[in-house]
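J.: Next come the chains, spelled out residue by residue.
Number of protein chains: 2
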Amino acid sequence: MSQSKSDSSRKRILDAATQIALERGPKQLTLDNVAKQCGMSKGGLMHHFKNKDALLAGMVEAMISLLMTDTEETQQQHDDGLAITTLLRSRQLHHEKIAMYQAKILLVAAVENPELLKPMQELMKCKKQEIESQDAIDESTLLWLAADGLSFQELMEISPFDETERNAIRQKLIAKAVALEEAKQ
Amino acid sequence: MSQSKSDSSRKRILDAATQIALERGPKQLTLDNVAKQCGMSKGGLMHHFKNKDALLAGMVEAMISLLMTDTEETQQQHDDGLAITTLLRSRQLHHEKIAMYQAKILLVAAVENPELLKPMQELMKCKKQEIESQDAIDESTLLWLAADGLSFQELMEISPFDETERNAIRQKLIAKAVALEEAKQ
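Chains A and B supply the protein sequences, listed in that same order.
Following full-length UniProt numbering, the residues of the first sequence are numbered contiguously, the last one being 185.
Following full-length UniProt numbering, the residues of the second sequence are numbered contiguously, the last one being 185.
Hints were generated in silico from the structure; no laboratory data involved.
With a straight-line Cα cutoff of 30 Å, these simulated DSSO-like cross-link-like pairs (lysine-lysine) come out:
(1) B:K172 - A:K125
(2) B:K27 - A:K36
(3) A:K125 - B:K176
(4) B:K27 - A:K52
(5) A:K172 - B:K118
(6) A:K128 - A:K184
(7) B:K184 - A:K184
(8) B:K97 - A:K118
(9) A:K27 - B:K50
(10) B:K97 - A:K128
(11) B:K27 - A:K118
(12) A:K27 - B:K11
(13) B:K52 - A:K36
(14) B:K118 - A:K27
(15) A:K128 - B:K172
(16) B:K36 - B:K11
(17) B:K172 - A:K118
(18) B:K176 - A:K172
(19) B:K176 - B:K97
(20) B:K172 - A:K176
(21) A:K97 - B:K128
(22) B:K127 - A:K176
(23) B:K27 - B:K50
(24) A:K184 - B:K176
(25) B:K172 - B:K127
(26) B:K184 - B:K127
(27) B:K127 - A:K172
(28) A:K27 - B:K36
(29) A:K176 - B:K184
(30) A:K128 - B:K128
All of these numbers come straight from a predicted model, not from anything done at the bench.
So that you can see chain A by itself, here it is in the shape it has in the complex:
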């Protein structure tokens, strides 16, 4: 199999798996169901992902890759911001581009096997270092935690804010980060 054909099969499998997990529920995320959804044999599927954990790991990796693309895009647009401003702006961009429910795959992984979130842990540690090395630590940490609180409430479907309110809060967080930058200059 050529590399590009293999990559496109991988992507097709991950898309099908995400769709099954989110639309039919995580209990329906089985190798059999994913193979069926892709019109692929189970053996063919297992050539790419040897078990359910490997599949979930692939889904988490795809989610992180999306997050990192958004960060890069934000950095290109605003190349001189503090780390916290980049983080909040890329979160906003991420929110506009993909449905929040896609991020629910992180919840599924956290319940299924928290080890699968190791790459996400690493990403969080990097963010922390970036923020601590560069920003007004306390205030930036507060803004970061608030952005995460807002997302996680939504992810767990217990947010008391509606979409309009959440958008307004996200914009306020960005404005506060920008004010931190200006105060530093």
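For this one, chain A is given, so just place chain B on it according to the hints.
T.: Using the frame of chain A, we list chain B on its own:
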């Protein structure tokens, strides 16, 4: 069966279910396993909880009841605080009293069936109303979201902060809420 005996069986079942879900993983949370752990027949168990959803709903309810007890205890100790200060202080108390991993039952419910978190949604809506009616809305909301961000990061086991840092952050959030109160007076 007397009411008190029935209540104590309920509690024993919920404790066993929580232990299984958290120590052996949510996939092991079956009525058979819970009955076995309690030394009870499956029929006896089903007298109290007719299926897994009912069991999870009971676990979420027990968690919420703990949260509300902590809030009441905090209100008795500091009866004149802003809603946000009470919220942050009771969160701190809750954190000292129960292991965070117990709250992981909320993640399990969010993945298994988000409908089960309806009582939690209601609680969040009440908090929002309390805060909006009484406090410096923007600043209080920021502190609340930050507290939730900190908890959810820990819940998902992706927190970049260690326990000492998290404790320091919680204390800072409380201090900021107290400062809001003083500014209001």
